[in-house]
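K.L.:
Here is how the chains run, residue by residue.
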Amino acid sequence: MIGSVVASLNARLPAAPAPAWPMALGRIAMGVLWLASLRWKLPPNFESAGNTSLREWLELEVKHPAIGFYGNLVESVVLPNFILFAWLVFLAELGVGLGLVFGIGTNLAALTGLLMSINLFVGLAAVPGEWPWSYLMMIMWHGAILATAAGSIWSLDSLRSTKATPQNLHPKGK
Amino acid sequence: METTSTPTPAATLHRGSLGTAVLRVALGLTTLFTWLGNVQDDFYDSANLPGFFDWAFKPVEEGGNGATLGFVDSIIANTILQAPELFGWVMTFLELFIAVGLTLGLFTRAASIAAIGFFVSLFLVYYGGEEWIWTYVMLAAAAVAVFLNWGGRKFGVDQFIAKNRGESPAGLVW
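Going down the list, the protein sequences come from chains A and B. The first sequence begins at 125 in our numbering and counts up one residue at a time. The second sequence begins at 742 in our numbering and counts up one residue at a time.
Hints are computed from structural coordinates only; laboratory data are not their basis. Heads up, some of the hints might be wrong.
[To be verified] Label pairs and their computed distance ranges (CB to CB):
hint, chain 1, residue 1, chain 2, residue 2, range
1, B, Trp830, A, Glu199, 46 to 56 Å
2, A, Leu218, B, Pro800, 28 to 38 Å
3, A, Ser177, B, Asn905, 53 to 63 Å
4, B, Thr833, A, Arg284, 48 to 58 Å
5, A, Val201, B, Thr809, 52 to 62 Å
6, B, Ser787, A, Leu239, 12 to 22 Å
[As the list claims (entries may be wrong)] Now the stretches of chain B that chain A is said to cover, found in silico as 3 or more residues with beta-carbon under 8 Å:
hint, segment
7, 763-770
8, 794-800
9, 866-876
[Stated by the list, open to error] Which residues of chain A face chain B? A few of them, derived with a C-beta cut under 7 Å, are:
hint, residue
10, Pro146
11, Gly150
12, Ala153
13, Leu157
14, Ala216
Backbone N, C-alpha and C define an ideal beta-carbon position, used for all residues, glycine too.
Extracted from the complex, chain A is given alone in its bound form (with noise of 0.2 Å):
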């Protein structure tokens, strides 16, 4: 009896090999979570009641750095031109963001989106309360981005290219 409901289940198992889908839903994902981070460092103050401002967490990594040289270079070259990098990490996390929501230049947003996780990971590792598990996550999700066709599917890239194929998940065709 258990053996034929079994037997009934692996043959409902799809014959395909990893579908592409679950890594969009994971690219949409982190394009979601880009834009709602946005919330708390909007221009032109870059900051929002009741949270941690982005000069305050800049500050904090100053004050607590996982490598010093990091630290000193928040000190001496971030936050004296506070405006210009507030800006630039803005519009850097706005684009990653609409670009993986919409699977728009994917693996560029991708790439942008790891060196940021790589930053936030560098420069929040060491901050008391902060979990860094929590980055290499981001890490880890932007890595997995790249390496899958991530934006095969889901996405405006899929309508303007024939070369991002869910067959890329699986380039030896099995």
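Use these hints to put chain B onto chain A, whose structure you have.
P.N.:
Using the frame of chain A, we list chain B on its own:
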């Protein structure tokens, strides 16, 4: 008695992808190192486990996390907190199973189902509080992607199990 061996279908062997393998290993290592830290801190001890849930739902003004889902608080009060020693052991072995399973790609389908339940539970416990909720979205989404994309069939022990044993019962173990 003569036995005949049925060749393992190609789809069984070639499920999985590089991106999903990246997700799986990173998720496994994240769980493993967190588990090790928890064991060292006696987190799962029946004397300490209730303190975590007390902190999770305590208002921010009183030094807690300030989670807001009352029904989750109620479920925990009527289950875990009624038998903290039992649930402490259950969590110890469940998290170890998830960590080892995902890191090695061993019984990945079962481990990723357990991981989905575990990370969604954490999401519900922390929801509305001070914790960065996206951490748990990323963890749960990664577990979902690993499950749906047969994460153990690339660079995982499951690849060899599937080769020798064929498809797992209902596709839910490896």
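K.L.:
Taking the least C-beta to C-beta distance, is Ala216 (chain A) closer than 7 Å to chain B?
P.N.:
18 Å, violated
K.L.:
Take the shortest C-beta to C-beta distance between Gly150 (chain A) and chain B; is it under 7 Å?
P.N.:
At about 5 Å, which falls below the 7 Å cut-off, the nearest Cβ of chain B leaves the hint on Gly150 (chain A) intact, so it holds.
K.L.:
Are 3 or more residues of the segment 866-876 of chain B near chain A, judged by a Cβ distance of less than 8 Å?
P.N.:
It holds, with 3 qualifying residues against the three required.
K.L.:
Honestly, do Ser177 (chain A) and Asn905 (chain B) meet the 53 to 63 Å range at C-beta?
P.N.:
57 Å, holds
K.L.:
Confirm or reject the coverage of the segment 794-800 of chain B by chain A under the rule of 3 or more residues with a beta carbon closer than 8 Å to the chain's beta carbons.
P.N.:
violated (count 0)
K.L.:
I want to verify a distance hint. Is the separation of the beta carbons of Thr833 (chain B) and Arg284 (chain A) within 48 to 58 Å?
P.N.:
Distance hint for Thr833 (chain B), Arg284 (chain A) holds at roughly 51 Å.
K.L.:
Taking 28 to 38 Å as the hint, is the beta-carbon distance of Leu218 (chain A) and Pro800 (chain B) inside that range?
P.N.:
The hint (28 to 38 Å, Cβ to Cβ) holds, given that Leu218 (chain A) and Pro800 (chain B) are roughly 34 Å apart.
K.L.:
Using the beta carbons of Ser787 (chain B) and Leu239 (chain A), state whether their distance is inside 12 to 22 Å or not.
P.N.:
At 44 Å between Cβs, range violated.
K.L.:
How does the segment 763-770 of chain B fare against chain A when you require at least three residues with a CB closer than 8 Å, holds or violated?
P.N.:
Check passed, 4 qualifying residues.
K.L.:
Return the status of the interface hint for Leu157 (chain A): holds when the least beta-carbon distance to chain B is below 7 Å, violated otherwise.
P.N.:
OK, holds: Leu157 (chain A) within 7 Å of chain B, min 5 Å.
K.L.:
Starting from the range 52 to 62 Å, see whether the pair Val201 (chain A) and Thr809 (chain B) falls in it by beta-carbon distance.
P.N.:
40 Å, violated
K.L.:
Taking the closest Cβ pair, is Ala153 (chain A) under 7 Å from chain B?
P.N.:
5 Å, holds
The structure fails to meet hints 5, 6, 8 and 14 from the earlier list, while all remaining hints are met.
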